[in-house]
Amino acid sequence: MNAKIKKASRHVNQNEGLIFEKSSPGKRGFELPPLDVPAVDAGKALGAAYRRDGVEGFPEVSEIEVIRHFTRLSTWNFAIDLGMYPLGSCTMKYNPRVNEHVARLAGIATEHPYQPQELSQGCLKILSLLEKCLLEITGMDVITLQPAAGAQGELTGLLLIRAHHQKHGNPRKKVLIPDSAHGTNPATAVIAGYEVQNIKSDSNGQVDLAHLREQVDETVAALMLTNPSTLGIFEQQIPEIAEILHAKGALLYMDGANMNALAGVTRPGDMGVDVMHLNLHKTFSTPHGGGGPGAGPVAMKKILEPFLPVPILVEKEGGRLALDYQRKESVGRVRAFGGNFGVLVRALAYILAYGPGVRQATEDAVLNANYIRKHLEGTYDLPYTRPSMHEVVFSDAIQKRRGVNTMDIAKRLIDYGFHPYTTAFPLIVPGALMIEPTESESKEECDYFIETMKSVAEEAEKNPELVKTAPHTTRIRRLDEVGAARRPILRWKSGETPRSDEPGTPKVKVATPTIPTC
Amino acid sequence: MAYPTNYRYTKEHEWIDAKGGTATIGITDYAQSELGDVVFVEMPAAGTKLTAGKTFGTVESVKAVSEIYSPATGEVVEANAALQAKPETINSDPHGDGWLVKIKLANPVEVSGLMDAAAYEAYIEEKKKEASA
Amino acid sequence: MRYLPKSPAEREEMLAAIGAKSIEELFSSIPEAYRLRKPLNLPGPFSEAEVIRYFEARGAENSLGYSRFLGAGVYSHLRSVVTDAILQRGEFLTSYTPYQAEISQGTLQAIFEFQTLMCQLTGQEVANASMYDGSTATTEAVLMAERLTGRRRVLVARTLHPEYREVLRTYAKNSGLLVEEIGFGPAGTLDLNGLKGALRDDVCSVVVQSPNFLGAIESLGPIADTVHGAGALLVVAIAEALSLGLVKPPSEADIVAMEGQSFGLAPSYGGPFVGVIASREKFVRQMPGRLAGQTTDVNGHRGFVLTLATREQHIRREKATSNICTNQALCALAATVHLTLLGKEGIREMAEQNLAKAQFALQELEKIPGIKRSFAAPFFNEFAVELPRSVKIVNAELLKSKIIGPYVVGSAYPELSKHALVCVTETTSRAEIEKFVSAVKSALETPL
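Chains as they are written, first to last, in numbering that gives the first Met the number 0: chain A, 0 to 517; chain B, 0 to 132; chain C, 0 to 447.
In isolation and in its complexed conformation, chain A is listed as follows (with noise of 0.2 Å):
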């Protein structure tokens, strides 16, 4: 460990082996109070249905047993609560312990979807003070908060704007993609039933409004923008692009799983956006728990308001709530119940903590990102050089010289105490290295985290065979991804698993990891 290495040090990590390993028959994890009506033969009840070996191979386990295997594993684990995970795009920004606190109360966890709506005032008043505040910091007319995740929330949209056009007699074949967008964006498109088309991007890492201009028609349905886009760059022409896709009938789609940029600032409404989602589980701090559950409300401008999916939330006299299932323009259901209800429980929480304040919020994110790229100017290669909002994104063009690559480097964050940024990706940089710290993160933090990176940079020019074996320090190194990808092993099996330290194991060819994005 060298001396620039201040934040992290080895410390004691225990083993543990798979949860089936430690079973013997007998054991317990929790038991339930006695059964209080006569028992019943479960073979008479269920006949041939009858599951009479129980679960095979279902753990056996006792209550403190279980606490040590997952309190174990999690210490194998870095988190936001440990310190800094700059991912591009994800806004890893805390997850305040209030908002745990309330999505757990009775009266809040413990409701039914289908119980009595005159029972249910206090959850659909949440849902209705959720929508009005995400309706302000928008700007649109309308919303849904059903959509499960942000690829639901543009599955929505999508859909939303098929019966739009639908409506005017041609559901339209194309939607326009930037080269720079998620992945989700172009999926989720043809789930929609649309066909995806590429717009380049310009010199400045923007949208090419003549390319663009070329390509859109009457058989366009929409553009799907982020904004900023993946470079963390503002898109200042959405103006123009606007008023090129109205021109022709087209809708603008914005992406918002950039909005940290944006919250209490600007309003995409106000710039000519028809429909757009938001990232609760991003911009509104409610946790990614290790890969969701998220939310994707998505907010429209009024002529997109016929084809909401039911059910839709409507005041009725005396201020009373209720549901509406009965829209016969809606695009249907996209999700079973209303929504994540539990996350979006959090996320109002989150918006009421702040209130008009959370323009603070973003002002932090965006004066994080350009105190980072101001340090690292020149250390790292710069290859779009507008103004950065909330993320600023970097290439490894100069590392690459002696060998190193985003992904040596991100490694190599680790052995410093850091989670990597966002690796390769958008696809529109090589070897990009895309930074996002988010308002979460101090001075101090940030003062880090520019010390490591240039330590590393350093690392890359005089010892490069260091940082290309990084990480160093942790419990595992890296992972045979290609063997994993071969001969898949997708679950424990008993007799077959074998144990982390049998003798025999073969060493094996590292592979180039797999490209992670947000």
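A few of these clues could be false.
[What the hints assert, rightly or not] Straight-line C-alpha distance at most 30 Å; calculated DSBU-like pairs for lysine-lysine: (1) B/K101 <-> C/K281; (2) C/K247 <-> A/K43; (3) A/K442 <-> C/K37; (4) A/K131 <-> A/K172; (5) C/K281 <-> B/K53; (6) A/K43 <-> C/K434; (7) C/K401 <-> C/K440; (8) C/K391 <-> C/K440.
[Said to hold, decoys possible] Only some residues are given here: those of chain A computed to face chain B with a beta carbon under 7 Å: (9) E304; (10) A484; (11) R485; (12) I488.
Calculated directly from the structure, the hints in this document are not laboratory data. Virtual Cβ for every residue (Gly too), placed ideally from N, Cα, C.
Use these hints to put chains B and C onto chain A, whose structure you have.
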């Protein structure tokens, strides 16, 4: 690795070894080194009709999927089943045991229009220069 | 503001280092006309205590103090406090998708264990790391069957949850998939003859839920034979996953689409829940969602990584198996912790309690004149009964005794307008069941 002089090559980095009315198709050494370790191969079943210039399968690495374009028109006689268990053969022996499909050529003359080994080697030299520019 | 770790002096310092005179300058790329000049009209800012008070007040406006006999896709089950103790650990709660495997082994191993548990429960060979919920898992299972067979028609049991069917139709509309429904017979189960009549060689899959929405457990053997005979795939949807503690797993199915909410997730007014797709190994490359696989590191130690990622949107983009990115990872962790606590004996015992209590409730209800069981098929913890008068009217009476009554079957099945879908779980005490039965009796005796 040498490029067999009796093979023909495409701009998408496939090779074809035509003998009379049948041919064997695979990807070149350049293609496999660009792709990295191959983890999976998806090939059409016997009887499938292939069209020159159109895709007919994929070769996957951990982080990328490459479409394979047919160098010629014809019908699949056999797909290389051994690649299911050992996709890595494409990396170790791309011009030999790493073959992808054997086809019956619809139009054997088509193949002579493709690049020969010397032309292909010059082509990839150009590509390498472009990449490092 | 307590979530922002900067003092005013530090902000000044940082601006100076950047060379900007004010924070405004950093937003200069936003056209002047669109920069907000006044603060947004939002409630707050609230201190922590005020946030809590707000939600406690909302909680008091819901159904606290009422007992409940509703299931219909969302089930009240016991959850150990141990589950939250684990979920609330910052390393699990605040970590990201495990793309950087070296510092995400906790998440990855937990996913691997989740996948294993799902396979053991469903009798299938592989399971993914979660979908949004049962409804989208079912839809994605159908799309998977479409990709696997190249066929465009899907036959769906009418006893598949009504909202699952709605979601399928929403997705199907744009993919050219044709959805047709197959009815149910007097036993409450799938009309096998109806299925045989509708099956042709253009059907990619047949979707059956078991226990179905009306509570009936399907006989999957004959259904599977019929479906496979036509070259189609059998998709079995499961909304009450706890049933697998006592009911034979659907190993005849080609794809299982399950809702795991019963395993450690509170009802939470409809979400977040956890969907799962489980299937045969030979179909794994067409399976959507993340997959954790076992491998070794450079030193030969066992570790886990996300694998077969070429199926997913971040690599395959428009050719991906699905557009899913964010899934329900923390909910899957909750299910994993819950199931390991319950273990082999615990899940059986919990399921037995559900079965016993439901049987008891039915038995007591049938003592009331005019009430009869709707369907003959075996059931788990949900069953339908026919009442001599409108379920809505009975439920309105029950509310006066602080009882939330059964699901009104007529709202999804108009021909079954006097039927009620009663759900009883291990959380319902005998006293509550007896009070419910007695309240139903009174409600039926009340003159109209």
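Does C/K37 sit within 30 Å of A/K442, going by the straight-line distance between their CA atoms? It holds: about 27 Å lies between the C-alpha atoms, which stays within 30 Å.
Does the alpha-carbon distance linking A/K43 and C/K434 stay inside the 30 Å limit? 28 Å, holds
Could you grab the alpha-carbon distance between A/K131 and A/K172 and see if it respects the 30 Å cut-off? 34 Å, violated
Can you verify the interface hint for A/I488: is its Cβ closer than 7 Å to any Cβ in chain B? It is violated, given that the least Cβ distance between A/I488 and chain B is near 14 Å, above 7 Å.
Straight-line Cα separation of C/K247 and A/K43 no greater than 30 Å? Judged against 30 Å, a Cα distance of about 14 Å means the pair holds.
Go through the hint on A/E304 and say holds or violated, using the shortest Cβ distance to chain B against 7 Å. 40 Å, violated
Hint check: B/K101 vs C/K281, CA-CA at most 30 Å. Holds or violated? Status holds; Cα separation ~24 Å.
Holds or violated: C/K401 with C/K440, Cα cutoff 30 Å? At roughly 15 Å apart (the allowed maximum being 30 Å), C/K440 and C/K401 satisfy the hint.
May I ask you to test the interface hint for A/A484 with respect to chain B, counting a Cβ-Cβ separation under 7 Å as satisfied? It holds, given that the least Cβ distance between A/A484 and chain B is near 4 Å, below 7 Å.
C/K281 and B/K53: Cα distance at most 30 Å? Roughly 27 Å separates the two Cα atoms, so the pair holds.
Using Cβ atoms only, decide whether A/R485 comes closer than 7 Å to chain B, and label the hint accordingly. 5 Å, holds
Quickly compare the C-alpha distance for C/K391 and C/K440 to 30 Å and report which way the hint goes. 15 Å, holds
The structure does not agree with the numbered hints 4, 9 and 12 stated previously, though it agrees with the rest.
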